[in-house]
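Peer 1: This is what each chain is made of:
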Amino acid sequence: MKLDIVITSDRTMITNHHGKEFLGFVATGPPVGVPERLWMWICAPKPKVDRWGRPLEAPYGLRKIEAALVNAGFSAAIIDPDHLGPHLKHAKVLMIGHHDYFAMASPSIEWWLMTGSEPVNRRSFLRLMRRPEIREAKKRGLKIIAGGPAAWQWLWNLDYWREFGIDTVVDGEAEKVVVELAAKALNGEELPLYVYVGPEDVPSIEEIPEIKGASVNGLVEIMRGCPRGCKFCPVTLRPLRYYPLDKIERELRVNASAGLDRCILHSEDVLIYGARGLEPNPDALLKLHALAKKYCKTLAWSHATLAEVKYAQEKYKLITKLTELIYDEHQQYLGVQIGLETGSVNLAKKIMPAKAAPYPIEMWPQVVEDAVAIMHEHRIVPALTLILGLPEETEDDLAQTAELLDRLKDYRSLIVPMFFVPLGVLRDRGWFLREHLKEGHVEIMRKCLWHSLRWAEDIVSTFYFKGARYAPLRWTLKLFLAYVKRKAREVEKWLEEAGWEGLKRAEVKSAVLQPVPRPCRT
Amino acid sequence: MSELVIELKGDDNAEEKVEEAVRSKPSARRLVIRIVANDGVSSIERVRNFLVNNISRTVIVYVEGERDEA
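Residue numbers (our numbering), protein chains in the order written: chain A, 1 to 522; chain B, 1 to 70.
Mixed in with the good hints there might be a few duds.
[As the list claims (entries may be wrong)] Pairs of lysine to aspartate or glutamate residues, derived as DMTMM-like cross-links and limited to a Cα-Cα distance of at most 25 Å, are as follows:
hint	chain 1	residue 1	chain 2	residue 2
1	A	K92	B	E66
2	A	K139	B	E15
3	A	K247	A	E21
4	A	K321	A	E362
5	A	K138	B	E64
6	B	K17	A	E279
7	A	K487	A	E497
8	A	K349	A	E377
9	A	K89	B	E66
10	A	K184	B	D39
11	A	K89	A	E133
12	A	K92	B	E64
13	B	K25	A	D201
14	A	K487	A	D406
15	A	K184	B	D12
Don't read these hints as lab results, they were simulated from the structure.
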């Protein structure tokens, strides 16, 4: 097999995370308390590959780029990072994609800022780009094009841009522009250094190619865009497009034919699939889930919103109907990631005025609690994310968030605080760094940690890693949770003695208080 | 689609010139910025603020000069 275009990423991306998507989040942290190799085995085991080094499962975004190039007649394929050598002897273009090249996105950045140690996703990516086979191919004239959801990070890492000889960075939905760029690169024409794909250049539904090989954990997109318009989110800048069921089915079939019996329905809010505005479309949702269950023993939602969970259940009993359809002898729970963002009504009004719709934003804390209760009753396990350091955040906002966390403590969930990263309409705002942390932030982080530790043990044993197959992972994670608990108690003791401000002044050297790193290198 | 081509020379105030060009043709949905300064990747720094703030238009940046350290 002689490829003109090789598509790849580092090991934290080219993996199936043991079939457990949530383990992918472990790659956003540094190896704490265990050797890096063991950490990488937990989150990013090597995938199965064919004789040419093509992974059986590959990231969905890279699959879309591969499909766009193959449809346009190019010789292109995704290659596992450990099998690049033979292909790069002939290839003329290397395309790379990543969720978080330099660990500048959440949650990588807060693990890095809190521990002072580089997350493994960043380490792994830098190792990839310094491989001799890439360096040698570059000297022979290989063109390198970088893209994906973390493309913006290159703007803040010009040293690495130069070091790795990246010819073009593409930021945005790239299925259309990548064909033009590939042609230019192969014909020896001038390549742009940077491309930002604006709303008018994004592909229509008909122009979005269908994947040709299986995606990691059977992820399939069901729509793009989101109508809620939250200011911190880049997805709302894109037009809203729903995939028709037949298009979704063709991608489910690709995954099923590769032997995958699980899938993740990907959307910013699965519950608005086929909706008119924010009014759920029960018929479309039930048909979508029935279709997915036809091909998959188990399914998960990538994201949903709390307001939609509450509204869909109260008006249509839709959460009950969907879980009745999903749960069977193969599946007894459903995982999803959901943005809680803040417990403050004032802050919610400023940064996400439509987040509670159709309920008024003044009801936001109640919407959160009601939705989390509905999910608990239906064995839906949410990983809830909070944003700390939002622009204009006050001590009172933090107190309201802390109060809301107390109300959520008896509901099965993980709650992960994330530092504000300037994206979306707030792209021009300042970064939230460790030196900006106040007592109020620390209190929220403390509450989230204990809440998540309490429920993580239950989730690991009862839902996520059931059965003999997962025994090694289950025990490794239980040991890790015990280690985190011990460390957390140490930190709490310091906090009780000195308080956060006192601890910062004392410059205590510890695993959680290393010198503050800077994520940007320009 | 309405396109706007902007050429930036070495001594131009890049941000100002780009903003001014955009104001002169607000209907442009695609901007092609050509930086004529032989600075390679470093040229991006001259328009980075504009790129970070832009959300509504396609922007394509061409530069002159080497892109890697080799």
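Peer 1: Does each hint fit the structure? Answer for all of them.
Peer 2: Here is what the structure says about each hint:
1. For the proposed pair K92(A) and E66(B), the alpha carbon gap of about 18 Å is at most 25 Å, so the pair holds.
2. In summary, the hint linking K139(A) to E15(B) is not supported, as the alpha carbons are separated by about 34 Å, beyond the 25 Å threshold.
3. At most 25 Å may separate the alpha-carbon atoms for a hinted pair to count; K247(A) and E21(A) meet this at roughly 23 Å.
4. Under the criterion of a C-alpha separation no larger than 25 Å, the hint pairing K321(A) with E362(A) is inconsistent with the structure, at around 29 Å.
5. Restraint check: the Cα-Cα separation between K138(A) and E64(B) comes to about 19 Å, which is no more than 25 Å; the hinted pair holds.
6. Taking the CA atoms of K17(B) and E279(A), the gap is near 45 Å; set against the 25 Å cutoff, the hint is violated.
7. A hinted pair counts as satisfied when its Cα atoms are at most 25 Å apart, and K487(A) with E497(A) qualifies at roughly 16 Å.
8. This hinted pair does not check out: K349(A) and E377(A) have alpha carbons roughly 29 Å apart, beyond 25 Å.
9. Straight-line distance between C-alpha atoms of K89(A) and E66(B) comes to about 23 Å, which keeps the hinted pair within the 25 Å bound.
10. At roughly 22 Å between alpha-carbon atoms, K184(A) and D39(B) fall within 25 Å of each other, so this suggested pair holds.
11. Between K89(A) and E133(A) the alpha-carbon distance is near 8 Å, which keeps this suggested pair within the 25 Å criterion.
12. The suggested pairing of K92(A) with E64(B) holds, with an alpha-carbon distance near 21 Å, which does not exceed 25 Å.
13. Taking the CA atoms of K25(B) and D201(A), the gap is about 18 Å. The hint holds against a cut of 25 Å.
14. Restraint check for K487(A) and D406(A): the C-alpha separation of about 22 Å stays at or below 25 Å, so the hint holds.
15. Distance restraint check for K184(A) and D12(B): the Cα-Cα separation of roughly 29 Å exceeds the 25 Å cut-off, and the hinted pair is therefore not satisfied.
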